[in-house]
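Chemist: Protein sequences appear in the order of chains A and B.
For what it's worth, the numbering used here labels the leading residue of the first sequence as 5, then goes sequentially.
For what it's worth, the numbering used here labels the leading residue of the second sequence as 39, then goes sequentially.
FYI, nobody ran anything at the bench for these hints, they're computed from the structure.
Fair warning: there could be bad hints in the mix.
Below, computed lysine-lysine pairings styled on DSS-like, alpha-carbon distance capped at 27 Å [stated by the list, open to error]:
1. K90(A) <-> K350(B)
2. K197(B) <-> K17(A)
3. K223(B) <-> K22(A)
4. K90(B) <-> K350(B)
5. K94(A) <-> K120(B)
6. K223(B) <-> K90(A)
7. K97(A) <-> K223(B)
8. K135(A) <-> K146(A)
9. K210(B) <-> K90(A)
10. K93(A) <-> K210(B)
Looking from chain B toward chain A, a few residues come up when the C-beta cut is under 8 Å (computed) [to be verified]:
11. K90
12. R168
13. G183
14. M196
15. D200
16. S274
Note that the structure is predicted; figures quoted are calculated from it, not measured.
Cβ atoms here follow ideal geometry from the backbone N, Cα and C, with glycine treated the same way.
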Amino acid sequence: MSSILNFTGTLLKNLVSKPITKNYPEEPAVYPERTRGRIVIDIDQCISCGLCVRNCPPRCITVDKNEGTWTINRFDCIACGYCASKCPKKCLKLIPGYQKPGRSKAAVTYRKSEEVMEAERQKAAEMAARKAAALKAANEKKAAAAPAPAAKAAAPAPAENAAAPTPAAKAAVPAQTVSAAPANAAPAAAVPEEKQ
Amino acid sequence: MGNISVVPFGPQHPVLPEPIHLDLVLEDEKVIEAVPSIGFVHRGLESLIVKKDYNEMVYVAERTCGICSFGHGMGYVEAVEKIMGVQIPDRARYLRTIWMELSRMHSHLLWLGLLADAFGYESLFYHCWRIREQILDMIEESTGGRVIFSVNKVGGVMKDMDAQMLGRFVEKLGDVEDQITGIRKNFLGDKTVQMRLRGVGVLTKQQAHDLGCAGPFGRASGIATDMRTRGYGAYSELEFEPIISNDGDSYARCQCRIDELFQSIDLIRQAASAIPAGDLFVPVKGNPDGEYFMRIEQPRGEAVYYVKGTGKPYLNRLRIRTPTFANLPGLCETLKGADYADVPILVLTIDPCISCTER
Numbered sequence: 005m006s007s008i009l010n011f012t013g014t015l016l017k018n019l020v021s022k023p024i025t026k027n028y029p030e031e032p033a034v035y036p037e038r039t040r041g042r043i044v045i046d047i048d049q050c051i052s053c054g055l056c057v058r059n060c061p062p063r064c065i066t067v068d069k070n071e072g073t074w075t076i077n078r079f080d081c082i083a084c085g086y087c088a089s090k091c092p093k094k095c096l097k098l099i100p101g102y103q104k105p106g107r108s109k110a111a112v113t114y115r116k117s118e119e120v121m122e123a124e125r126q127k128a129a130e131m132a133a134r135k136a137a138a139l140k141a142a143n144e145k146k147a148a149a150a151p152a153p154a155a156k157a158a159a160p161a162p163a164e165n166a167a168a169p170t171p172a173a174k175a176a177v178p179a180q181t182v183s184a185a186p187a188n189a190a191p192a193a194a195v196p197e198e199k200q
Numbered sequence: 039m040g041n042i043s044v045v046p047f048g049p050q051h052p053v054l055p056e057p058i059h060l061d062l063v064l065e066d067e068k069v070i071e072a073v074p075s076i077g078f079v080h081r082g083l084e085s086l087i088v089k090k091d092y093n094e095m096v097y098v099a100e101r102t103c104g105i106c107s108f109g110h111g112m113g114y115v116e117a118v119e120k121i122m123g124v125q126i127p128d129r130a131r132y133l134r135t136i137w138m139e140l141s142r143m144h145s146h147l148l149w150l151g152l153l154a155d156a157f158g159y160e161s162l163f164y165h166c167w168r169i170r171e172q173i174l175d176m177i178e179e180s181t182g183g184r185v186i187f188s189v190n191k192v193g194g195v196m197k198d199m200d201a202q203m204l205g206r207f208v209e210k211l212g213d214v215e216d217q218i219t220g221i222r223k224n225f226l227g228d229k230t231v232q233m234r235l236r237g238v239g240v241l242t243k244q245q246a247h248d249l250g251c252a253g254p255f256g257r258a259s260g261i262a263t264d265m266r267t268r269g270y271g272a273y274s275e276l277e278f279e280p281i282i283s284n285d286g287d288s289y290a291r292c293q294c295r296i297d298e299l300f301q302s303i304d305l306i307r308q309a310a311s312a313i314p315a316g317d318l319f320v321p322v323k324g325n326p327d328g329e330y331f332m333r334i335e336q337p338r339g340e341a342v343y344y345v346k347g348t349g350k351p352y353l354n355r356l357r358i359r360t361p362t363f364a365n366l367p368g369l370c371e372t373l374k375g376a377d378y379a380d381v382p383i384l385v386l387t388i389d390p391c392i393s394c395t396e397r
């Protein structure tokens, strides 16, 4: 008899104890700190490097550097956290709380604030200016450095040029005729042979 | 000679969590033959290997199965590490082992619940899943996901369990152990349960060996194969013996799995006390060039991962042989001669994971 009453203790305990389940959603769920719920971005820290785009297994992230936007399709996201582990600025983070269901696979776009964009544009302009200045300086330096070797090169060059034409021209003319002649001759010689 | 009829079983059936179809040839109430057909949930995970690089593929490999997800990730990652000759830190090996055992516990508790449901003991089913919930909470607290862990990466693991967390888990596992001792009595000592399980679907050791049965299904028939004894992860430094039974019936399969729960708790305790300090991962450079067969012990049995790379970030081939695939011939053998009313229980006793099988 005892062998079929094993569960009775548990049953009686269950009868008098409170339910172990939560009355979700009236009672909100408590997630542990590490729960991989959804990706959030601190968009103003983002440098639009695109590493998250290249390292997203379902390819649900797009980044537009010129517009300063970061777009995620949360319905394709698998919340693996690989993008967050690759982010050089650590501006991507997985936080608890799951994506709510929706009627369509809508993507969410985050746009950098105007100040950050302005600062970036200024920085880019500065960089471009500095690059241009560096290029100009390098060109000038080259130009300044060039005359000396150029002069050196220029001095023997005319002599060479002056000396060269005759043998070069001499060599070129027979070379052309020689190379042309066998080319024409060979098939001409081959064809009669075949015919014979 | 009785009346012969064919009864389709599945792909949609209350006892089946996932779709498999069996054509049961019945003579009166006895099954004389079972013809399985699979292919209802094929997803083509293996072919994704040419589209995702080998680091991203970890997350795809994990999604092979919803229950043994950690094992699939671990098997794939260890295969890639072996090809690349990466020696992962000891701490990472131990952490992987602890997570693997937690995953085994939640899988076995899920199975015990389903079995209880299959023989019509619904309150025991709820009770098993209530115990399982505590394991899931531990997994969520340590990895951030309840079923998809996403902590593996080529070269180590991404998350740590500090001493405080491990201590809390070990303490909680003590409670879980008491509760499992309780359900052990319900499953193995209850007369009504024994009447449904004892002598049902007997598979002899020779049959199990010939049909290549894996995991608890094979061990219940007396085949002492446990891939953990090969010593991947930190298993080589932990003490355990494969749990086997010689009866080969449904009762033995249930017993093996319940005892493996205690074994898992013991392994977690050992690993938690011996876990060394150190890094979580080593940086990995280059691409895998070569091939490797990785065999690991999943909750359902031996799983095989074949990975082939050619020195490019995109691998050439990934092949996963899952334990359920190995156990299907064994299932068809046990079904022969069984009562029609026992078919749901027998299908469950191999712990079928069909999505795993079809990848």
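Chemist: Each hint: holds or not?
Modeler: Now for the hints, and whether the structure bears them out:
1. In summary, the hint linking K90(A) to K350(B) is supported, as the alpha carbons are separated by about 20 Å, within the 27 Å threshold.
2. Taking the CA atoms of K197(B) and K17(A), the gap is about 38 Å. The hint is violated against a cut of 27 Å.
3. For the hint pairing K223(B) with K22(A), the CA-to-CA distance comes to about 24 Å; that is within 27 Å, so the pair holds.
4. A threshold of 27 Å between alpha carbons decides the hint, and for K90(B) with K350(B) the separation of about 11 Å falls inside it, so the pair holds.
5. Taking the CA atoms of K94(A) and K120(B), the gap is about 30 Å. The hint is violated against a cut of 27 Å.
6. A distance of roughly 49 Å separates the Cα atoms of K223(B) and K90(A); the hinted pair therefore is violated under the 27 Å criterion.
7. At most 27 Å may separate the alpha-carbon atoms for a hinted pair to count; K97(A) and K223(B) exceed this at roughly 46 Å.
8. Distance restraint check for K135(A) and K146(A): the Cα-Cα separation of roughly 16 Å lies within the 27 Å cut-off, and the hinted pair is therefore satisfied.
9. For the hint pairing K210(B) with K90(A), the CA-to-CA distance comes to about 34 Å; that exceeds 27 Å, so the pair is violated.
10. The straight-line distance between the Cα atoms of K93(A) and K210(B) is roughly 38 Å, outside the 27 Å bound, and the hint therefore fails.
11. Satisfaction of the interface hint for K90(B) is found here, the shortest Cβ-Cβ separation to chain A being roughly 6 Å, below the 8 Å cut-off.
12. Against a cut-off of 8 Å between C-beta atoms, the interface hint on R168(B) holds, since the closest Cβ of chain A lies about 6 Å away.
13. With a least beta-carbon distance of about 5 Å to chain A, the hint placing G183(B) at the interface is held under the 8 Å criterion.
14. At a threshold of 8 Å, the smallest CB-CB gap from M196(B) to chain A is about 7 Å, leaving the interface hint in force.
15. For D200(B), the interface hint is violated, the least distance from its beta-carbon to any beta-carbon of chain A being 12 Å, above 8 Å.
16. About 29 Å separates the beta-carbon of S274(B) from the nearest beta-carbon of chain A, more than 8 Å, and the hint is not met.
Consistency with the previously given hints fails for numbers 2, 5, 6, 7, 9, 10, 15, 16, ordered from lowest to highest.
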